[in-house]
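Engineer: Residue numbers (this note's numbering), protein chains in the order written: chain A, 1 to 83; chain B, 1 to 457; chain C, 1 to 347.
Bear in mind the hints are in silico, worked out from the structure with no lab data behind them.
Do not take every clue at face value.
What the hints assert, rightly or not - Covered, in the sense of this in silico footprint (three residues per stretch, anywhere, with C-beta under 8 Å from a C-beta of chain C), are these stretches of chain A:
#, segment
1, 9 to 15
2, 49 to 59
What the hints assert, rightly or not - Derived Cβ-Cβ restraints for the label pairs, each shown as a range:
#, chain 1, residue 1, chain 2, residue 2, range
3, B, Ala337, C, Ile149, 34 to 40 Å
4, C, Tyr176, B, Lys329, 20 to 26 Å
5, B, Asp333, C, Tyr176, 37 to 43 Å
6, C, Glu81, A, Lys40, 37 to 43 Å
7, A, Ala10, B, Ala337, 27 to 33 Å
8, C, Tyr229, A, Val75, 46 to 52 Å
9, A, Gln78, C, Leu194, 44 to 50 Å
10, B, Lys329, C, Glu280, 54 to 60 Å
11, B, Gly182, C, Leu178, 24 to 30 Å
12, B, Gly364, C, Tyr78, 38 to 44 Å
13, B, Leu331, C, Trp192, 50 to 56 Å
14, B, Phe414, C, Tyr176, 57 to 63 Å
15, C, Ile174, B, Lys211, 54 to 60 Å
16, A, Ala10, B, Pro35, 32 to 38 Å
Where a beta carbon is used, it is the ideal one built from N, C-alpha and C, also for glycine.
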Amino acid sequence: MQLRIKGNIAVSESGFVFDPSTGDSYSINPIGVEIIQLMKQTLSEKAIVDAIVERYQTEPQTVEKDLYDFCNLLVKHQLADRI
Amino acid sequence: MATQTIEKLRYERPVITSLNAGVTNKFGTKSLHAPLSHIDGVSVKEIIQKYGSPVFILSERKIRQTYREAYRAFTSRYPKVQFAWSYKTNYINAVCNVFHQEGCWAEVVSIFEYKKAIGNGVQGKNIIFNGPEKTDEDLLLAIQNDSLIHIDHLDELYQIIELTTKIKKRPRVAIRVNMDTGVYPMWDRFGFNYETGQAWDAINKIILTDKMDLVGLHCHIGTFMLSANAYAVAAIKLADLALGIKEKHKQNIEYIDLGGGFASKNTLKGSFLPGSDTIPTFDDYADAICSTLLNAGFTKENLPMLILESGRALIDEAGFLAGSVIANKRLSDGRRAIVMDMGVNLLFTSFWYDHRISPVEESGNHTENAVIYGPLCMNIDIVRESVTLPPLKKGDHAVIHTVGAYNMTQWMQFIAMRPNVVLIDTEGKTHVIRNRETVDDLNKMEVMPEHLKKFKL
Amino acid sequence: MKQQLTVAVSGLNNTDNPGPGIPVIRALRDWKGNDIRIIGISYDNLEPGLFMRDLVDKSYSVPFPSGGTENLMLRLQYIHEIEKIDFIFPNFDAELFTFMKIAPELEKMGIKTFLPTADQFEERHKYRLSEFGEKYGLSVPLSITIGSISEVPAALNNFEYPVVVKGKFYDAYIAYNLEQVYSYFHKIQAKWGLPIILQQFVYGNEYNVVALGDGKGNTIGAVPMRKQYITDKGKAWAGITIDEPRLIEMTHKLIAANKWRGGMELELIKDKNGTLYIVEINPRFPAWVYLAVASGQNMPAAAIQLAFGEKVAAFENYDIGKLFVRYSWDNIVTLSEFQQISTLGEL
Ligand SMILES: Cc1ncc(COP(=O)(O)O)c(C=O)c1O
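This is chain A alone, in the form it adopts within the complex (with noise of 0.2 Å):
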């Protein structure tokens, strides 16, 4: 699943975000915040995936799978659109 994050939304380093359009806040955990900032310079899955890989001591299956779910909950949360 590809998705671009809405141009509106600021992630903050200590992983605080906003949504200006909803008035909803979150908060995300620092492999999170990673792969925001991996998605909003429009890298493929795959390509995140192989990113997160290369840092941390996991395989890409497990990344996908995780992916899947935080992408799912970007949308849920209205902070992402599939493309």
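Chains B and C with the ligand: place on chain A using the hints.
Structural biologist: This is chains B and C with the ligand only, laid out in the frame that chain A set:
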């Protein structure tokens, strides 16, 4: 020059949580989700590798520690104290024998448990036989062995009178008394009622027919009692009966048995504060009971022995259930669900407790609310409706705390088989004390009629 | 006692159903001759007091008491290391039990509290009100605790309708006939379990008293108030201090009898014959405590002095006919403040 490999970072699932008003804040809750990697110095992961997943783990050190704490609380306040291990709470023989080594008698509620106690080497005179169901055969065996028979109802009393014509021994008996201690619900279905005079009538019947020795008075006012004062009320009422017997019949009652029911460090569903913060301590219970008995009006020589049949409070904390994550799910309403290989088939007590759950592996600071399901394909198989845990992935391990009481006796062989039970001894060595069930074990009990043996598909 | 004190205060939920935190802080700010640093303790990132920066010097999020004392203690230790707290004022009903329990440990760390004892806290529960009244010779509405529906008809012989049907800790309904008693009984039982309390409904005017006991049987302060205006949540929005010596007498009698330590609020009803009934005892200062301060009795400050073992003379007088009229105020807060408290847990 050697190439430098950069140590990779520890991976954690990406998590996003809503910052709504009313969301429990996470600051300072770290120890709530702190991993439990070792029990008594033994790695949980290694136990699982060696004995399978899931697996029940019992800490012998914790059992002994808890028992000694309870024993100290009572013996420091009262001169004659005897504990009797309540078999139904956990009757795996190794567990029973830890208690017997500590000096506990046996308290049983069926002939099956009675035979287990005899098999463990407990002398008949140190077995308390409770419960509403005792056949002639059961009673004859108990009379022969000089066991303490606690009479539950009038039919049993007459049954024993009848049996004394067939046996040359005087049965040693007590009656079970039920009463209002100000606690709800009142357990008035067992024994003879105090307030209506049933108990007093039964006592007189026993003494006047003169076929058996009335040696004790018993009650068990309920379980998971959050009020120590209820025991003071129970002690007053039993003491009143004992003193009445002394006055009217000039007989001494040897013991007063206040049963079990002390709360363990679990959290009842629906309670706001965790059980470990709210339940009375052994000292609280002991204080209420002992000061009441000491001031009840017994002379020093006639002070009855105090028997306690505490079950869950002595064993619950020593028991753990360790298992693995089978799957993570996202429910339709956005909630996270974790499916584990340990469900209500093994954890009967999850119907009334919010059991504490700890991850085994290290995790980060972020947590997520999740519902914990067991492996059964049944909608009721929910271990926790809602618990905050760090992100767990398939294959990660978790430990459920405070499961030593009633689970290893009330577990069901349903859909899955019962797992190994492992005891960690006081030196940190592990022992299987009950083998996991196999298909053969279960099939062994079944019989196939000849005409059903063959089929063609 | 030092002139410079650091006092931690919870109950910063200054909403339309306010907690006593902000009023207690105002009382301490009015305490002449002392330099007080106020540390806010919050359970929720939107407690209004967090953002009242002229009243609260620094705030910290802490875990709910439902997370266990162990976690709360760890968090308080962390805060104490930075702030060197001298005194803690817990103000939420739900946290009192926990704070009473950890009070000895806090004392060892050098943090004082001034709270009722566990026995005092337990025996004033509403399901024990009858017992309480009997023990201390105070009139309370007749109440009977029942453990099974079959006891209802016999119990009802003692009452006249309407009857209040109450849960052990929460919920209360007024029933005007047997059907309603049964229906509320089932409703409460389903939600909170047994026992259930039947209580005589008393017609009359309601009064409140805020008071402070020194733990030795002396009443240090007591100010009675009559609610003037009540919100749809049953909370006082305006109230006036009154001159009714019997309310003070009753308070003195109660505190002398059970040696209450700390702040409390009594809720009383005067029936048509003029008999005063105690209907509830809250084991902390109420949200309207600042009315007592403004009337001349700074009980929160006195509580701190008592905790430090100082001799505190009982307040003799208060201004009669002084009113409070609550208002709400839209405080403007920046996103960065909200971000700070919600991601760092400190503000
Ligand atoms: C007669 C008797 N004694 C002792 C016990 C042990 O109770 P607990 O585990 O609550 O201490 C029970 C349990 O129901 C019981 O029925």
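Engineer: Are Asp333/B and Tyr176/C spaced within 37 to 43 Å by their CB atoms?
Structural biologist: Given a distance of about 40 Å, which is inside 37 to 43 Å, the answer is holds.
Engineer: Three residues minimum, CB to CB under 8 Å: does the segment 9 to 15 of chain A make the cut for coverage by chain C? Let me know.
Structural biologist: holds (count 3)
Engineer: Go ahead and decide if the range 44 to 50 Å is satisfied by the Cβ distance of Gln78/A to Leu194/C.
Structural biologist: holds, 46 Å
Engineer: Return holds or violated for the Cβ distance of Gly182/B and Leu178/C against the range 24 to 30 Å.
Structural biologist: holds, 26 Å
Engineer: 50 to 56 Å was suggested as the range; check whether the CB atoms of Leu331/B and Trp192/C agree with it.
Structural biologist: Cβ of Leu331/B to Cβ of Trp192/C: about 28 Å, so the range 50 to 56 Å is violated.
Engineer: Is 37 to 43 Å a correct range for the gap between the Cβ atoms of Glu81/C and Lys40/A?
Structural biologist: Holds, since Glu81/C and Lys40/A (Cβ atoms, about 39 Å apart) stay within the stated range.
Engineer: If I claimed the Cβ atoms of Tyr229/C and Val75/A lie 46 to 52 Å apart, would that claim hold in this structure?
Structural biologist: holds, 48 Å
Engineer: Report holds or violated for chain C covering the segment 49 to 59 of chain A, Cβ cut-off 8 Å, minimum 3 residues.
Structural biologist: violated (count 0)
Engineer: So does Ile174/C sit 54 to 60 Å from Lys211/B, Cβ to Cβ?
Structural biologist: Given a distance of about 58 Å, which is inside 54 to 60 Å, the answer is holds.
Engineer: So does Tyr176/C sit 20 to 26 Å from Lys329/B, Cβ to Cβ?
Structural biologist: violated, 50 Å
Engineer: Confirm or reject the claim that Phe414/B and Tyr176/C have a C-beta distance inside 57 to 63 Å.
Structural biologist: Violated - the Cβ-Cβ distance for Phe414/B and Tyr176/C, about 49 Å, lies outside 57 to 63 Å.
Engineer: Please test the hint of 34 to 40 Å on the beta carbon pair from Ala337/B and Ile149/C.
Structural biologist: holds, 38 Å
Hints 2, 4, 10, 12, 13 and 14, counting from the list given before, are not met by this structure.
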